[in-house]
Amino acid sequence: MTVAADPLPVKRRMRVSRKALPYLLSLPALLVCIGILIPFFTAVWYSLQRYRLSQPWNRGMNWGENYIDFLTDPSFWNTLKVSLLYAGLTVTFQLILGLAIALLLQKRTRLNNLISIMLLMPLMTAPALAALMFKLMTNPNFGILSYFAQSIGFTDFRWGASPDTALFTVILVDIWVYTPFIMILLLAGLRSLPTQPFEAAALDGVPRFQQFWRITLPMLTPHILTASLFRLLESIQQFDIIYAMTQGGPGDTLMVFQVEAYLNFFQSTNVGRSAALLIILWAITFFLSNIFIKNWLRLRERARGGV
Amino acid sequence: MYDKEKGLIDAYRRGSMSRRSLLRALGALGMTTATASVLVNAAATRALAADFDWKKHSGTGIKLLLNKHPYTDAMIANLDNFKEMSGMEVAYDVFPEDVYFDKVTAALSSRSSEYDAFMTGAYMTWTYGPAGWIEDLNEWISDDSKTNPNYNWEDMLPGVRASCAWNGKPGAPLGTDGAKQWCIPWGYEQNNLTYNTAMMSKAGVDVPQNLEELVEAAAAVQAGNDGIYGIGVRGSRSWATIHPGFLSGYANFGQKDLNLSDDGKLSAAMNTDVSRDFHNHWVKMIQESGAADWSTHTWYQVGTDLGAGKSAMIYDADILGYFMNGGGNAMEGELAFAPFAANPAETLPTPNIWIWSLAMSSFSKNKDAAWTFLQWASGPEHGLFGAAEMDFVNPVRQSVWDDAGFRERLASSYPGYVEMHDLSAPGASIKFTPQPLFFDLTTDWAAMLQKMVAKEVPVDEGLDQLADNVNKQLKDAGLG
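Protein chains in written order, with my numbering: chain A, 35 to 341; chain B, 59 to 538.
The hints are simulated quantities; they were obtained by calculation from the structure and are not laboratory data. Among the hints, erroneous ones may be present.
Reference listing, derived: stretches of chain B covered by chain A, where coverage requires no fewer than 3 residues with Cβ under 8 angstroms from a Cβ of chain A [unchecked claim]:
{"no.": "1", "stretch": "318–332"}
{"no.": "2", "stretch": "349–358"}
{"no.": "3", "stretch": "517–526"}
Listed next, with one range per pair, are the computed distances between beta-carbon atoms [unchecked claim]:
{"no.": "4", "chain 1": "B", "residue 1": "A135", "chain 2": "A", "residue 2": "S109", "range": "40 to 48 angstroms"}
{"no.": "5", "chain 1": "A", "residue 1": "A77", "chain 2": "B", "residue 2": "G322", "range": "48 to 56 angstroms"}
{"no.": "6", "chain 1": "A", "residue 1": "S109", "chain 2": "B", "residue 2": "K113", "range": "19 to 27 angstroms"}
{"no.": "7", "chain 1": "A", "residue 1": "L105", "chain 2": "B", "residue 2": "S457", "range": "57 to 65 angstroms"}
{"no.": "8", "chain 1": "B", "residue 1": "G322", "chain 2": "A", "residue 2": "T189", "range": "52 to 60 angstroms"}
{"no.": "9", "chain 1": "A", "residue 1": "S109", "chain 2": "B", "residue 2": "Y358", "range": "51 to 59 angstroms"}
{"no.": "10", "chain 1": "A", "residue 1": "M167", "chain 2": "B", "residue 2": "D320", "range": "28 to 36 angstroms"}
{"no.": "11", "chain 1": "B", "residue 1": "D151", "chain 2": "A", "residue 2": "A77", "range": "25 to 33 angstroms"}
{"no.": "12", "chain 1": "A", "residue 1": "G94", "chain 2": "B", "residue 2": "G322", "range": "16 to 24 angstroms"}
{"no.": "13", "chain 1": "B", "residue 1": "D151", "chain 2": "A", "residue 2": "D103", "range": "34 to 42 angstroms"}
{"no.": "14", "chain 1": "A", "residue 1": "L118", "chain 2": "B", "residue 2": "S457", "range": "54 to 62 angstroms"}
{"no.": "15", "chain 1": "A", "residue 1": "T189", "chain 2": "B", "residue 2": "A135", "range": "43 to 51 angstroms"}
Here the structure is a predicted model, which is why all the values come from computation and not from measurement. Even glycine gets a Cβ: it sits at the ideal position worked out from N, Cα and C.
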């Protein structure tokens, strides 16, 4: 005798599986999230401690003391100033240059495509390597850039070795490496713009310059914001170019957050101060990201016809 | 092997013949230098193995963390003899110096057992030791069952040996009774002058005898030669800028980095009148005759500029001058060496020293085997092999310095080097105050020096700022 299978438990099992499915699907994301959150909260925990690896007997909670110390520490304010200046200047110059190059390459021709591919090459160079290349090129004895500088009258231009020109030098390296990133994003944006507004403007005899200000730039703004956000977040966390070039010097000229935190950890073994610096950097990054994302969403809504 | 060769090698082993004479005699018998060296090393290894059970850890393995350096090259060149003698496997990772110490800190602070032993400097042990990351090697050195009877610990130069031992009390002198032997000296550097003889004579400049003369000589030799600068010293924003010529000259004026009070508290000592005068001279020297990109110069740029004929003098590690006088550099054979006492009132130099050393990780799972390697690598046989056949200078063992062949080799290829070493060795020691904030304070010192040279801050004001900053850090760390 055969017994017919009870359909009810099968249905119940299916219902349970269906209920569990969203959780199962989000499990990998949850695991990744945990993998991110554990180091983050560990850093927060360390930042609230007096924790120097060379003095394990001195370790203990000092709660917000590391942060409070920053308020009266001129070197912290210098770090904040240099980091913001570096990020602001690099992103501004890269945007201007990247946009200019993208406009020049906007038309799809074989030559333009070839040039845009070639211009991407610096982006494939490791930033630390690029910094070392520039260090050689700015060497006063044999560097080609030093040679050019001398030949146009800058006989004592010291590049990364002088506090007067060090910021300019590292910004130059950053521009060389990352302008192609902005260029390629904006080029993609430019090529995806609808053609009708430009055709209408041309029919009405609107000058090219006006077209750029009134049509191209507003329509490209979401792309500009996206590119700026990516670059700004990366620039404010700059480490490799500056460390490879000058280790934060001369003096404290280039002492940005990441370099300061790195030296605090690896050279001073001051885990507490290093972690506190990185948490502040995270807070700045978070704040900037929020501003950008809110503006980006607003612009996207406007582009879709929202209020 | 033929009887004649055997007889010669036995005579060398008995000590009745120098290594150089032996190699020469073997050469006369038709043996190439390379073959002869291999045979001599193999014979030395067999002799070494006769008195101690080197096979005790046979079949086990250890892993080393090494810096890319001629000392490392010398060790690797001789490593097969150790492996054959001990039956141990020895793996190693070699990193360039730019990242080496960060790698060590990362490995030790994460309590990794990957590396059993590693290269270090004595200054680093002031961090690693109190943190509990490295072993006090006295335990092994004094244990007859674990240490080769011919290891001859007393053969190590006393000042160098003491510099690797510290009791961990901030401000306490190195090498006192009860101090822990955090590392074993391997090779060391004194800081003196190396100069380009052709450039000096072209400019008609005599070798300077003190700091004031050095400032003048650097400017004069620069003016008397086209396209060069007068003096190479380190300038990067790092502790490494302070420890070579700068501190050697500073200490010669009787100056200290820190004061230690009766109640054991440390305070800054670099803003005295004598120190201000010293800093003024130093800063002036770099501004007038230093490299244009001085603030990025590490030992590497200081050395290569001298070797390439871009600078006339360096006040830096003697071995840097040694390496630049050979190795196919453009200025090979053009360099000479001079002991240097910066203080006109002093006749002898007092160089601060850097000691490449070997330390044992506390997280090693194979400590006795690691010690077997350490005692071989720092033993008299390997020391002599490295010094005579490779570029393992300066040796830390008196027996190597006494070896006629080694001295003869230095005297013939590096005129004045041995005399310079012998003259400055009595005053050579670590001039820093041992304390765990070493890297913080010396890096700040270097950063302030950069500001002074760049005229961002006057010397007097800069030294006061530095002293205030140092005192604050010492106080925050409970040391001041």
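Taking the hints in turn, this is what the structure says about them:
no., hint, in the structure
1, 318–332, "violated (count 0)"
2, 349–358, "holds (count 6)"
3, 517–526, "violated (count 0)"
4, A135(B) to S109(A): 40 to 48 angstroms, "holds (46 angstroms)"
5, A77(A) to G322(B): 48 to 56 angstroms, "violated (34 angstroms)"
6, S109(A) to K113(B): 19 to 27 angstroms, "violated (56 angstroms)"
7, L105(A) to S457(B): 57 to 65 angstroms, "holds (59 angstroms)"
8, G322(B) to T189(A): 52 to 60 angstroms, "holds (53 angstroms)"
9, S109(A) to Y358(B): 51 to 59 angstroms, "violated (28 angstroms)"
10, M167(A) to D320(B): 28 to 36 angstroms, "violated (55 angstroms)"
11, D151(B) to A77(A): 25 to 33 angstroms, "holds (28 angstroms)"
12, G94(A) to G322(B): 16 to 24 angstroms, "holds (21 angstroms)"
13, D151(B) to D103(A): 34 to 42 angstroms, "holds (37 angstroms)"
14, L118(A) to S457(B): 54 to 62 angstroms, "holds (60 angstroms)"
15, T189(A) to A135(B): 43 to 51 angstroms, "holds (47 angstroms)"
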